[in-house]
Amino acid sequence: MSGVKLEGVVKSYKDVTVVHGIDLEVKSKEFVVLVGPSGCGKSTTLRMLAGLEEISDGQVSIDDKVVNHIAPKDRDVAMVFQNYALYPHLSVAENIAFGLRIRKVPKPRIEELVKEVAHTLELTSLLERRPADLSGGQRQRVAMGRAIVRHPKVFLFDEPLSNLDAKLRTQMRAEIKQLHTKLGVTSVYVTHDQVEAMTLADRIVVMSDGRIEQIGTPMELFNNPINTFVATFIGSPPMNLISTTITSIDGLVYADISGNKCLLPQLENPCDLEVIIGIRPEYVDIVPVDNSSAVPIHVDLVETLGSEALLHCRIQESAFVVKVDTHGKVEHLKHLDTLYFRQDAITVFDKTTGRALSRSSVGCNA
Amino acid sequence: MENEQSYQVINESPRSKKLTWLIHHFQREWRLYIMLAPTLIWFILFLYKPMYGLQIAFKDYSVFKGITDSPWIGLEHFYTLFENDQFIRAIKNTVIISGASLLFGFPVPIILALMFNEIINPKFKKTAQTIVYLPHFISAVIIAGIVITAFAPSTGVVNLLLNALGYDSVYFLTKPEWFRTIFVGTGIWQEAGFNSIVFLASIAGVNPSLYESAVVDGASRWQMMWKITLPCIMPTILIMLIIRIGNILEVGFEMIIMLYQPATYATSDVISTFIYRQGLQAAQYDLAAAAGLFNAVIAFVLVIAANTISKKVSRTSLW
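If you're matching them up, the sequences are chains A and B in order. Using the numbering used here, you'd call the opening residue of the first sequence number 1 and step up by one each time. Using the numbering used here, you'd call the opening residue of the second sequence number 1 and step up by one each time.
If we strip away everything but chain A, and leave its shape as in the complex, we get:
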């Protein structure tokens, strides 16, 4: 199986640079998700990998072979597009067989492969239909069928689920994951949906403004974001951020929140410092626990989700969201006036650079 390597890859359009020298190594059989907001360069990176965009500088390798000047067809990659890219005049079977016909694979072998793929993707009964007669999910499955039928070295997915409704997206997400487990092909997947990234990826690459912000497993990114961008991009609802100042008393570091002292994780140079402290909505407690600091709040709204509820409150006039288990009751949540921040659940960020000064130790033992 094949790995993918990007070394100092740059993409510029005349004077505008959209990808600023990224380095990334995708191991064989790994499922890596590039995630970031619109315009961050994730699709451009994928297209450079496919050979649909020329690279301005750097090196792209597939299976330890530099492919900078190799045509897309010779890179042995298959790509699934956002809008499926199915040929409207061809049937499902012909769409799946298109790449094989172009490569002049013998007809009996094509038929055999198409049948095999159709069976894998449960498309057997739809083989004679045209794309216009299929539902969104079925079209997406055909697009995947066209990709897997060639047994490529690498799968590239460019926001393949964006055109599907929420329910179908969840279903297809599971199918893609199962397919990857079954086929074990190296996959690079682009999405702007962090839920997709969290659920599918072996490793996530968070991108912003043409640069890689952080690479890590979903839980690494969730628990230890490297900066405020990753902290707010990964997680739904995003990490709560509060601007404050810190003081060091008897070797312990405290933040001043609404006049209360909140115990923080240990920092290297804990002098009087302007910082941002971050805490995940899931890691805030509504009852005191060990090493937790009380923070006064005002609850504005309680959003009931069933087993969970979202508390929209204010701390120091900033919006703050907490996710709590309801255990079937929400009335008491409306009257909360104090939250408890555990020391190990807090991440401290530099206010100027936004970079993390401490690491949360939640989930480290997991």
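Worth flagging that the hints you see were computed from the coordinates, not collected in a lab. A portion of the hints provided could be inaccurate.
[As the list claims (entries may be wrong)] Computed cross-link-like contacts, EDC-like style, restricted to lysine to aspartate or glutamate with a CA-CA straight-line distance of at most 16 Å: (1) A:73 x B:212; (2) A:182 x A:30; (3) B:227 x A:94; (4) A:5 x A:76.
We have chain A already, so just place chain B on it with the hints.
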């Protein structure tokens, strides 16, 4: 009493609702209707109103008696027409010229559009497009003038070329065997470029990711043109073909009038020039109306037939 009132309310409610909707609709969309008005007026004045006059095809029409008072004579004009060798010849010429225009002229704009689509250099593309679009904007009179000059026996560029190659001059425009070739060729030269615009627009509408997907699959440009571009613009090609088939009996009247002469009538006289000579020059309006009506009915049948076939074969149709 109460029941009657409620009955009336129920009875009037949908009508008043519809009226209110119409008023609101016009208040909201009046600009669109103003834009639509010139076309509607043109259709009413020049296509629908003259339909009233079609009845003279079944009457012994006299300008003094008028359309209403002229006596009915049934299908007599149609019998006369089909006994007239000139009319039969006109039908034959119309079908041959139209058929040749369709056969040779219809694919040219498609080929041009496909070729334009393959040009990568934008400057060269624009220049080439301008050159081929240009003849469309030249008036038919000037085009006819250019053709007559080009094919002139002593000074025409075509004959000068023939002379240079050692052949004798040919007075092309007096030779019936050359008329159809010259006419069809002129039509292609004048309109092929402009007609390619609709196909270019259709090509522009093809989803770019189809090409990207094909590139990843390993398709060459030639394969992409055959396997993606052409099939994707097929609905447009079929719609244009249906429209062309509907107009198959309407050969460019002005150009024929300017290029033909009695010596070439054998191959150049078409239904429209026949109608012109009978109706306007010989003042046989009723006979000309019968010829025109015949023309329209055949065109109508052809459009219906082409549309039905296209619908069955390719799922594409005008209606």
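Against the structure, the hints come out as follows:
1. A:73 x B:212: With Cα atoms ~11 Å apart, residue 73 (chain A) and residue 212 (chain B) stay inside 16 Å; holds.
2. A:182 x A:30: 13 Å, holds
3. B:227 x A:94: 11 Å, holds
4. A:5 x A:76: Distance of about 15 Å is within 16 Å: holds.
Hint check: no violations occur; every hint is consistent with the structure.
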